[in-house]
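Residue numbers (our numbering), protein chains in the order written: chain A, 1 to 287; chain B, 1 to 285.
Everything labelled a hint here was simulated from the structure, so no lab data went into it. Computed from a prediction, not measured in an experiment: that's the story for all the values here. For every residue, glycine included, the Cβ atom is placed at its ideal position computed from N, Cα and C. There could be a bad hint or two in this list.
What the hints assert, rightly or not - Only pairs whose alpha carbons sit at most 30 Å apart, straight line, appear in this in silico DSSO-like list of lysine-lysine: (1) 4/B <-> 172/A; (2) 280/A <-> 60/A; (3) 109/A <-> 4/B; (4) 4/B <-> 14/A; (5) 280/A <-> 166/B.
Unchecked claim - Using C-beta positions, here's what the derived DEER-type ranges look like: (6) 57/B <-> 36/A: 43 to 51 Å; (7) 186/A <-> 166/B: 41 to 49 Å; (8) 144/A <-> 48/B: 17 to 25 Å; (9) 69/B <-> 3/A: 48 to 56 Å; (10) 14/A <-> 249/B: 52 to 60 Å; (11) 203/A <-> 129/B: 40 to 48 Å.
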Amino acid sequence: MNKLKIRNRLIKDKALLWGVCLLAALTAVPLIAILGEVLLRGYDQLSWSFFTEPTPTAYKAMKAIEAGEPIPGGIANGIIGTMIMLGMAIVVAVPVGILCGAYLAENSKRRFAQVVSYLSDLLQGTPSVIIGIITYIWVVVPMKGYSAIAGSVALCIMMLPLIIRSTEETLKILPASLKEAGLALGGNSARVMLRVQLPAAFGGIFTGVLLAISRVIGETAPLMFTALGCSFIRWSIDKPISAVPLLIWEFFNDPNLQELIWGASLFLLLFVLSLNLLSKILFEFYR
Amino acid sequence: MSDKLYKGLLFLAALAVPVVCGGIIYALVSDAYAAFEHFGFLKFLTSSEWSYTEGAEQYGALPFITGTLMTTALALLFCIPFSLPVALFVGEYFKGTKVASVLATVTDLLAGIPSIIYGLWGFYTLRPLIMALNISPQGSGVLTASLVLAIMIVPYAASLSAEFIKMVPNDLKEGAYSLGATRAEVIRRVVFPVAGSGIFSSYILAIGRALGETMTVTMLIGNTNNIPESITSTGNSMASIIANQFGEADGLRLSSLIAIGLVLFLITAIINLIGKVMIKRARIS
Numbered sequence: 001m002n003k004l005k006i007r008n009r010l011i012k013d014k015a016l017l018w019g020v021c022l023l024a025a026l027t028a029v030p031l032i033a034i035l036g037e038v039l040l041r042g043y044d045q046l047s048w049s050f051f052t053e054p055t056p057t058a059y060k061a062m063k064a065i066e067a068g069e070p071i072p073g074g075i076a077n078g079i080i081g082t083m084i085m086l087g088m089a090i091v092v093a094v095p096v097g098i099l100c101g102a103y104l105a106e107n108s109k110r111r112f113a114q115v116v117s118y119l120s121d122l123l124q125g126t127p128s129v130i131i132g133i134i135t136y137i138w139v140v141v142p143m144k145g146y147s148a149i150a151g152s153v154a155l156c157i158m159m160l161p162l163i164i165r166s167t168e169e170t171l172k173i174l175p176a177s178l179k180e181a182g183l184a185l186g187g188n189s190a191r192v193m194l195r196v197q198l199p200a201a202f203g204g205i206f207t208g209v210l211l212a213i214s215r216v217i218g219e220t221a222p223l224m225f226t227a228l229g230c231s232f233i234r235w236s237i238d239k240p241i242s243a244v245p246l247l248i249w250e251f252f253n254d255p256n257l258q259e260l261i262w263g264a265s266l267f268l269l270l271f272v273l274s275l276n277l278l279s280k281i282l283f284e285f286y287r
Numbered sequence: 001m002s003d004k005l006y007k008g009l010l011f012l013a014a015l016a017v018p019v020v021c022g023g024i025i026y027a028l029v030s031d032a033y034a035a036f037e038h039f040g041f042l043k044f045l046t047s048s049e050w051s052y053t054e055g056a057e058q059y060g061a062l063p064f065i066t067g068t069l070m071t072t073a074l075a076l077l078f079c080i081p082f083s084l085p086v087a088l089f090v091g092e093y094f095k096g097t098k099v100a101s102v103l104a105t106v107t108d109l110l111a112g113i114p115s116i117i118y119g120l121w122g123f124y125t126l127r128p129l130i131m132a133l134n135i136s137p138q139g140s141g142v143l144t145a146s147l148v149l150a151i152m153i154v155p156y157a158a159s160l161s162a163e164f165i166k167m168v169p170n171d172l173k174e175g176a177y178s179l180g181a182t183r184a185e186v187i188r189r190v191v192f193p194v195a196g197s198g199i200f201s202s203y204i205l206a207i208g209r210a211l212g213e214t215m216t217v218t219m220l221i222g223n224t225n226n227i228p229e230s231i232t233s234t235g236n237s238m239a240s241i242i243a244n245q246f247g248e249a250d251g252l253r254l255s256s257l258i259a260i261g262l263v264l265f266l267i268t269a270i271i272n273l274i275g276k277v278m279i280k281r282a283r284i285s
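Using the sequences and the hints, build the whole thing.
So, in structure tokens, the structure goes:
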């Protein structure tokens, strides 16, 4: 009787272990499936011209399909648009985010800092489609048109809380003696922050910035109502502009361009995942 | 740089966050006002009519609120049987080992995949599968969207839960072992009760993510403006109706869409606030 009970308990124990292992292993399936599908369907589209030429018009693509040729053109307009908008967003979000993170780390006991910290979390949790609406109201309506500026504002708002949090957390785990030593040498807080604390926190902040970039680079919804999209390569910042995720969305909706989906997705996916992995490796390295 | 200037600069940067948040609420409320004024706040939330015939425009948010709640609830349901084992694997069974860090990396990468690519995968792989299994004739719908949504929130729920499972003190577990408990019993009687509130809060944050997910749902839910009758029927979520119609809307319809955005913003804000407060409490205890 007792023996049977013990056996039952041991069987349950083993069952849980195997169940956990099996189900945990199953979560790797979607990653492999998604990577595999995008790789298999997209690898043969990647070529030099795919990165240097803009999207073809639907008419050109239709002609090519009729003639049985591969669709001409690529995603250069999207890559350049993403770079322009991301660049502008970084220029604003990184300094403001680092300064704000420094404020939170320095004044963590102040009521105002706690409020800012909560609001930053709130901003991070805000659905990206709402960031799109907001930027539309703030930028697109007053400027009377979609533009790269609007798109970069949306990306900037999304990056800000991520950079704030990573800066704050990295600065907070620095040993207090570091700051004290700097102050004891006669530096004021500004100098100590600039010359001692920020350099020491560089790794954490840098990985935070990389992670923030990888988060926003694939964002589609906030760009739909701000950058809108554009079928040729454009360098001006006050006109509608394209982005890689926007192009994927366009290809998805246009039956003539559907062949281009996978190449663009493969490029975006590889870019995002390698940024992710890089930030993870750097994080381990700097620690 | 003088100390005063430096402190001022930091304060100014910190001010940016409340200014942006205040600006978000102000812009949403002032642009949603027209819809609330025209239909009435409660009427707008409880009406299920969405028609833009000129002259007889009628907009109500109920179908989309229902769609969002259904997809989120289902996604949560599908996510638990995978995220909990991952959390146990990483935080308890193989804590600190190489396998655990590999699995943690895998879930991190899952979190990094852009939502539009999840949508593509759902559309081109999962949707045909659902049609082949005869679950629903059109393939897209609440169920399809929730399945992909579930995969998307597994990383958020799992990594945070694992963190709390890791923090369960060893002496508590050792006490149970010394009384003859098996590992399964330790997990049930010690780990879950101690880490429970933390695990719970990580699911609340996962809900917050699922509520606002846009592109995946837009590509998979079928985009019909009615209350979904069952989990296999099509519908629209609050985020997907905005993504679908915002670009072409103006006047009252635009205001109604912004009103839906405001409601979505408030719901996610409240859910996130509850989650954050619970996490803080769980960390302290």
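Hint check results:
no., hint, in the structure
1, 4/B <-> 172/A, "holds, 22 Å"
2, 280/A <-> 60/A, "violated, 42 Å"
3, 109/A <-> 4/B, "holds, 19 Å"
4, 4/B <-> 14/A, "violated, 64 Å"
5, 280/A <-> 166/B, "holds, 20 Å"
6, 57/B <-> 36/A: 43 to 51 Å, "holds, 47 Å"
7, 186/A <-> 166/B: 41 to 49 Å, "holds, 42 Å"
8, 144/A <-> 48/B: 17 to 25 Å, "violated, 35 Å"
9, 69/B <-> 3/A: 48 to 56 Å, "holds, 50 Å"
10, 14/A <-> 249/B: 52 to 60 Å, "holds, 58 Å"
11, 203/A <-> 129/B: 40 to 48 Å, "holds, 43 Å"
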